[in-house]
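S.K.: Protein chains in written order, with our numbering: chain Y, 1 to 162; chain X, 1001 to 1451; chain W, 2001 to 2335.
Please note that the accuracy of each hint is not assured.
[Stated by the list, open to error] Covered stretches of chain Y, as calculated for chain W (at least 3 residues, CB under 8 Å):
hint, stretch
1, 68-75
2, 86-99
[To be verified] Here are some of the chain Y residues that sit facing chain X, going by a computed Cβ distance under 7 Å:
hint, residue
3, L136
4, A137
5, I141
Quick caveat, the hints were computed from the structure, so don't treat them as lab data. All C-beta atoms in this analysis are idealised placements derived from N, C-alpha and C, irrespective of residue type, glycine included.
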Amino acid sequence: MGLTTQFSKARVPVLFVLAGLALFLPWRTPVIAPVERTVRVVARDFAFTPGTLTVNPGDRVTIELASGDFVHGLHVEGYDVNLTAEPGQPASATFIADRPGTFRIRCSVPCGPLHPFMAGRLRVGPPVAFWRALLLAVLAILVGGLALRHSSRAKTADQGFP
Amino acid sequence: MMRFDLTRVPIVRAIFVARGPQLALQLGAMSGLILVLVAGLLGTPVGSRNPATVLVWIAWWAALIIVAVPFFGRLWCSVCPLPLPGEWLQRGAMLRPRDTGRGLGLRWPRRLRSMWLQNGAFVLVALFSLPVLTQPRLTALLLAGLVLLSIAISMIFERRSFCRYLCPVGGFIALYSQAAPLELRVRDAQVCAGHTTKTCYTGSATGFGCPWMAFPAGLTSNVACGVCLECLRTCPLDNVAINLRPMGADLLDSSRIRLDEAFKSLLLLGSALVYVFVLQGPSSTLRSSAAAVGTAAWLAYVAAFFLIIAVVLPALFLLAITVGRPGTPGWLSPSQGFRRFAPSLVPLGLAAWAAFSVGFLLTNASYILPALSDPLGLGWNLLGSSGMPWAPIGGSLGAWPLVVILLIGLAWSSRRVRAVAEELGGGVRAAIPVWAFSLLVTSVMIWVFVA
Amino acid sequence: MGLRRLTGEHLARLALGLIMLGLPLGLVGAWAVARTAASPTTVHGRVTEDGGWLPGTLRATVGTPLRLRLISDDVQHGFAIGQSDSPAVDLPPGEIVDTTLSFSQSGTYTFYCTRWCGPNHWRMRGVIEVTGGQPAISDAIDPLYLSLGIDIDAPHPALVVPGVRPSAERGEALGTGLPERMRSRQDFVRRSPVEIWQGLRRDPSTTGLSDSQVWDLVAYLWHSTTSIDALSDGQELYAQNCAACHGEDGAGDGVMAPNVAAPVLAGHESGDQPSSPADFTDRSTMLGASSALLQGKILRGGMGTGMPYWGPILTDAQLWALTDYLWTFQFEEAP
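Can you build the whole structure from these sequences, using the hints too?
M.R.: Put into structure tokens, the structure is as follows:
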């Protein structure tokens, strides 16, 4: 219990330090020389194939959108990439993947009922954000479960029921 | 425990007691429902342009999960339009009691007086949700069906039996309203003990008896109270209060939870997990199977859904509870442990639903104004926004807002777990396995959001 | 019983009545008025499997503008009138697009979808019956393949094929000495490349040239009898209408090719003899076909194979531009 009491007293600064570490501690990722990549993404039946594009930071990426059924769009959140394609008329865009992280790819042209859920992912570099978030989750458990004084009153007198 | 009684403020009390303001909101909600029904049945079948799908599943649902339920408890239920036609017919009045009314007024069957029917209704809607969510006709038919059902139930059974025992949304709101900082309770139980007439339940000239078939003096959580404010109007002893209180106060007493409510906590958490994984996850095959209602692939999805919700998650939860058991004095049976730890799943589930809904809202909020501007697909431009393009919000932030919401829920839930473990004499050692369960569930969702 | 209480309840019921009757009446009324209005006519566009254009037949009179409200009910469609200069109109899903058409001559006009909307996109067509005014003077002449008596359904194997891709640029250097009579457009479109090659081979002016050089001459003849504009038009028409089945590179492997080989619409009037889309890169068949044959195929369609008929949609100039473009899958403009 002694540890808990000390934790309670120092909880705010400790919390911030740990959260800051989890969020900003530089993550050692292997440096891979950027290359030119071309990916052909086929949009069909409310799906992008491949659903996950994995590239390295700094890569010069060309996405070619081809459609297998209707007019589809491709929008990469976080990068200003917008394409529209229909069967027989693919479209391409080239960009430098300089921002690491995982970005959603969404269809930008209504293509039927499941259109709002038609999505894929662009992964630039390893999913560091996931590990950071996971660390923060462990921190959240510690914060909730250890560092804060908890009131464990099962009943309170002034609730007014018999 | 700190509580501030809002009804002590005269103007607030006056607004609550007067029927006008509440009726105005109810009529507003009713107008929204009518617009949704007409637009859903007659307007464009394109889900992203029709107010039926856009207003209900993007605007109203987000407002419900992100604002109304966590901060105002069951307040939506006091203005919800679904039961109103049935209730007004049943009462023969829209405002004060008039000694009129129709309907058989039967009591709800004893054996069905639990949350299991609502749990089932929610699962049913969830399994058919992909076509319903995305097609305006189906959304309109679902809502029309619920209205007709509530009218029928109101003509046969007493009071708000539909709301209390059948409404799928009601079950959802009930559980998560426990997190809210708003509650309706009696001021002094002794006053109630001395009052024999119990007009709060039987009704009087100034108001109806509790439509939710609850006994105000017996309210220990927000679950059973729909905040309809009738008891505030009928109580001759001015003993009903609407309190501001710390968030999640209802979760502190884990000894009062029954099995149906405990299972509901797990069911709704599991549903959120499935929704996040199916709708926002990497597998488009899974999504298509969930949408292809009636096919073999959909049946496989249904089977997997039940497997996860009814078998895998409860088994993991029970495992987490029982692992902390050995060596701790005063430990209870698995079933009792299940019920005691279930309230800690409420903030976790609420955060999961909120995160899912925020994500969906940020992506699709730009559909709202165009849909309102041309509600029937006739080429109107009422708000000037008919031509607004789709524009997802906050793309550069990615999914971090969703993660923050999950983390808040996780911290809150962990605190509750620790508290229950302490109550049961188990301490941190008993809490750790349940924390691990919460971490597992949360990390699956974090993985879908950011990985 | 107070008057106040009665009035409150009555006011509430009045408000409810206004909302429950007034709102739906207003909305449904507006909807009904729009639906039954004579003008403008509302045309819904759906993928062919769900009905296509609804209504599929429109009526108009010469001299009276036809006002249309177009709305897509599912995916992105487009609207255009066949053989017309008016630009196509895009139909974003769920949005009303207004357009006005004017007709100076009576007759039957075809309107069609211009954005790919599934394997049966090309079947999404409707007609406008225009009456009144002077009847159009029929200047229709038989398509070239008919007047030449070419059986466009018969196989057309190439008896001779080049070893390398013939180049128009190489042919140009060689072909400046060719007599004028051999360089006419009329001549080029009537004969298959094999026939042209055989004719050139036999001619004394090509005695010193190798077989592949004569092929280069064939390519040169193609290139010199068409124009940059025509090739560019042809490329655009190909991308919009043909590439989905025949492939962006002409190899018959477009994204829709699997659907053509096993047609989607059961019981449709064409589609009982499905086959894969033609491979324009296949020398052994392509070089045995004349431009007239290709133009006829495109014009008339595939008679059960899934190849659409483009007669009502493309003008003569467009058809010939398209056939000129098809030869780029066999010949190089420049190496």
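S.K.: Each hint: holds or not?
M.R.: Tested hints:
1. 68-75: holds (count 4)
2. 86-99: Coverage by chain W holds here, the residue count being 5 at a Cβ distance below 8 Å.
3. L136: Nearest chain X Cβ about 6 Å off; hint holds.
4. A137: holds, 5 Å
5. I141: Result: holds, 4 Å to nearest chain X Cβ.
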